[in-house]
Each structure stands twice: as C-alpha cells, then as structure tokens.
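Add chain B to chain A, keeping to what the hints say.
Top to bottom, those sequences are chains A and B. Under our numbering, residues 1 to 85 are what the first sequence spells out, in order. Under our numbering, residues 1 to 285 are what the second sequence spells out, in order.
No lab work stands behind these hints: they were computed from the structure. Hints should not be assumed to be uniformly reliable.
Listed next, with one range per pair, are the computed distances between beta-carbon atoms [to be verified]: (1) B:ASP32 / A:ASN35: 10 to 20 Å; (2) A:ILE85 / B:ASN199: 42 to 52 Å; (3) A:GLY40 / B:GLY78: 53 to 63 Å; (4) A:ARG71 / B:ILE277: 39 to 49 Å; (5) B:GLN187 / A:ARG38: 28 to 38 Å; (6) B:GLU128 / A:ILE84: 21 to 31 Å; (7) A:ILE84 / B:LEU154: 48 to 58 Å; (8) B:ALA215 / A:PRO39: 44 to 54 Å; (9) A:GLY40 / B:LYS126: 24 to 34 Å.
Just so you know, these numbers come straight off a predicted model, no measurement behind them. Where a beta carbon is used, it is the ideal one built from N, C-alpha and C, also for glycine.
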Amino acid sequence: METEASQHYRLIDFRRVEDKCAASKIEAIQRYILNQVRPGERVEVIVAKPDTWYTLTQLGDALGYQVLESRQEGGEYRILIEKII
Amino acid sequence: MAGSIPLVEPSWLEENLGKPGVKVLEVDYDPDTAYKLGHIPGARLVDWKRDLNRYPERDIVSREEFEALMSRLGVENGDHVVLYGDYSNWFAAFAYWVFKMYGHEKVSLLNGGRDRWIRESRPFTKEEPPKPEPTQYRARDVDLSLRAFFLDVLKKLRDPNVVLVDVRSPEEYKGLITAPPEYPNEQTQRAGHIPGAVNIPWKQAVAEDGSFKPAEELRRLYESKGVTPDKEVIVYCRIGERAAHTFFVLKEILGYPKVRVYDGSWSEWGNMIGVPIEKEEPKKE
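Same shape as in the complex, but just chain A:
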C-alpha cells in the first residue's frame, strides 16, 4: 500500500540526539527538527525510542507542526510531519 511517507520526503534522523537532549527535549526538537524545515514543508523524522515517538506525536499543536502519519518499522519509528508556522 502506498502511504504518504512511502513517497520521498526529506529524512531527519533524530536518533543520534534523542538520548542526549536532557537540557530540554522541546529545545532539541526545535533545534534538530523544526529549525531545519520551512513552513509548509513535509519531512519524515526517524526516532528509535518509543517515548520520543510518543512525545513527537503529542507536541504538534504546541510547536507548530502537524503529524500526517506515523508508523513503526523494525526497531524504529517514522513520523511524517508538516511544519505549519
């Protein structure tokens, strides 16, 4: 089945920082994901930890992005987001 995410969107790999963002996870999401994306752009974010996946799927309204699709693939999660503002 063709999904939104199976189309080719730019990938942002969040796995290397998700264990290291103790200063503030929100700050890390802004710095390593949202600041890399233009308003209206769709990107696919890869994370390894279920807790990070859950956080990303819950913070869209607060941080200005929409979660279009999310799925688990092997040992990782892929979340397709669109930056709104």
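Coordinates of chain B only, in the frame set by chain A:
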C-alpha cells in the same frame, strides 16, 4: 516481581494498577515532554529537579523533605512503590536510590520504563489522578552506606579492594569531551576520568527494548572488567542519575553487597582543583 529482585514487568503492573498498597510514581527529568503528555493511569509525578534535589545548594532532599514529598504523593510506609520514568529510567533509578537511602522497604523499578510501556501499547492517559489524602510518612535516618562523597572517593583511590565504575560514554571517559553540548549545565573545567576507574557505559546493561539484560549476562559483563562482589564498588557518571541505574544493576540484580553512588560524579571531580585525573592523550602524528 521477579523473585527477590525489586523489578516489576509491565504485565504485572498493568494487572495491579489501582490495587490497594500499590503506588505508581513517574520520575521525570522533563515532565513537560513526558508525564504531562501521557502517563500510566493513576501514576503521580515526581519532578526529579524539583522534588528530589535541594535548591540552591546541590544535594538530595533532606529526610524531612522526603517525608513531606511522600505525604503529598499519598505514599504510606508500607506501600509497594513502583518507579518508572523518562530517559531510559535513569531518573527513576536515582529516585530508587533515594528511596533506599531513606529506608523505604518495598520499592521497585518498572523494567523498561516509559519506553517499554509505550512500545507494548499499554494504557496511557493525560488525566491526573485525584489529589491524595496526605499521609504520615516517616523516613529512616539516611543510609550513607549507599552514597559516596568526594573525600570518600579520594581516600579510596588505588585501593585494591575498591573498584570505581565510570558509566559515561567512552568519549567522556577518555577525556575527548567534558560533556555533550546538549548538557550546558554539566560542563566541567577538565575532561577525563577518576584514576583507576573502569569504563562500563550504563547502556551495556540494557537490551534493545530498554529492559535489563539477564543476570548471568550482566554478571559476565561486570566481572570481565574486574567489578566483582568481593570488592567495594563506587559508581559515577556526570550528575549521578546514570550511576544510579548501574547501582540498581549491581546492588539489586547481581546482589553485590557494597555498592555506592558517587553522585557528585564528574561534574564535581572535573571541576575540583588539584585532584588527579587520567585521560587518553591524543596520538602523536
């Protein structure tokens, strides 16, 4: 619970949620991106920075402050407290260590923490439980046999009966970095490790899903680095939370008799004047 190890599996906890005498506490470093977005039904929040640390001085909470916290959370002395939390259960493990220092008898960690609970699609809610009736919780005098201070470590340097375990990343241990850039409050003046310490990063104790590896595998891991039960073991990291995770492994899963957390850790040692430091010198071209 798995035998006498104070560790509960997610299936056990789900079956026992809401039962009298079982109190679930989520211990977070960053509650805004964890507890406040979703938590185990009935769990109450322990904010690691606010609730378990003193301010402005750097220390764990006093006995009176711990009693007040337990009372506010509705915890009775006889309750079975189950701890879990964000960041791979590091801060829940730190809380576990504090609970043991104040003598709480029945306290366990949820194996795998938030990560495993979410991965297994177990119940999660944003609804906060009703405010509990305050209790008359009474803690014991702090058990300092579980804690090492700076001078304790300094006096034990090169003691053949003592082994220091540095659970930070190899880059930190070797002195290639003082702390990752994401931790601006934990930088130090010097990089490296305490002389004689062996490097066994905390993560080597957990499986892919965040739960602890089998005891026999853990025993082989630590013994292969000279961390054996006949020795006094002092564990450290940067601020003490990952050290508490390894404390749990050595003390509770492997049953080592003498294990202490040096919670001053590298953020203290790496800023002290005149203390010895070992580090890997850069290779000459």
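Hint-by-hint comparison with the structure:
1. In this structure the hint that ASP32 of chain B and ASN35 of chain A lie 10 to 20 Å apart at CB holds, the actual value being about 19 Å.
2. With their beta carbons about 44 Å apart, ILE85 of chain A and ASN199 of chain B fall inside the hinted range of 42 to 52 Å.
3. Checked against the given bound of 53 to 63 Å, the beta carbons of GLY40 of chain A and GLY78 of chain B, roughly 57 Å apart, stay inside it.
4. At roughly 47 Å, the beta-carbon separation of ARG71 of chain A and ILE277 of chain B lies within the given 39 to 49 Å, and the hint holds.
5. The supplied range of 28 to 38 Å is met by GLN187 of chain B and ARG38 of chain A, whose beta-carbon atoms lie about 33 Å from each other.
6. Between GLU128 of chain B and ILE84 of chain A the CB atoms are about 28 Å apart, so this pair conforms to the stated range of 21 to 31 Å.
7. Checked against the hint of 48 to 58 Å, the C-beta distance between ILE84 of chain A and LEU154 of chain B comes to roughly 55 Å, which is consistent with it.
8. Checked against the hint of 44 to 54 Å, the C-beta distance between ALA215 of chain B and PRO39 of chain A comes to roughly 52 Å, which is consistent with it.
9. At about 29 Å, the CB distance of GLY40 of chain A to LYS126 of chain B agrees with the hint of 24 to 34 Å.
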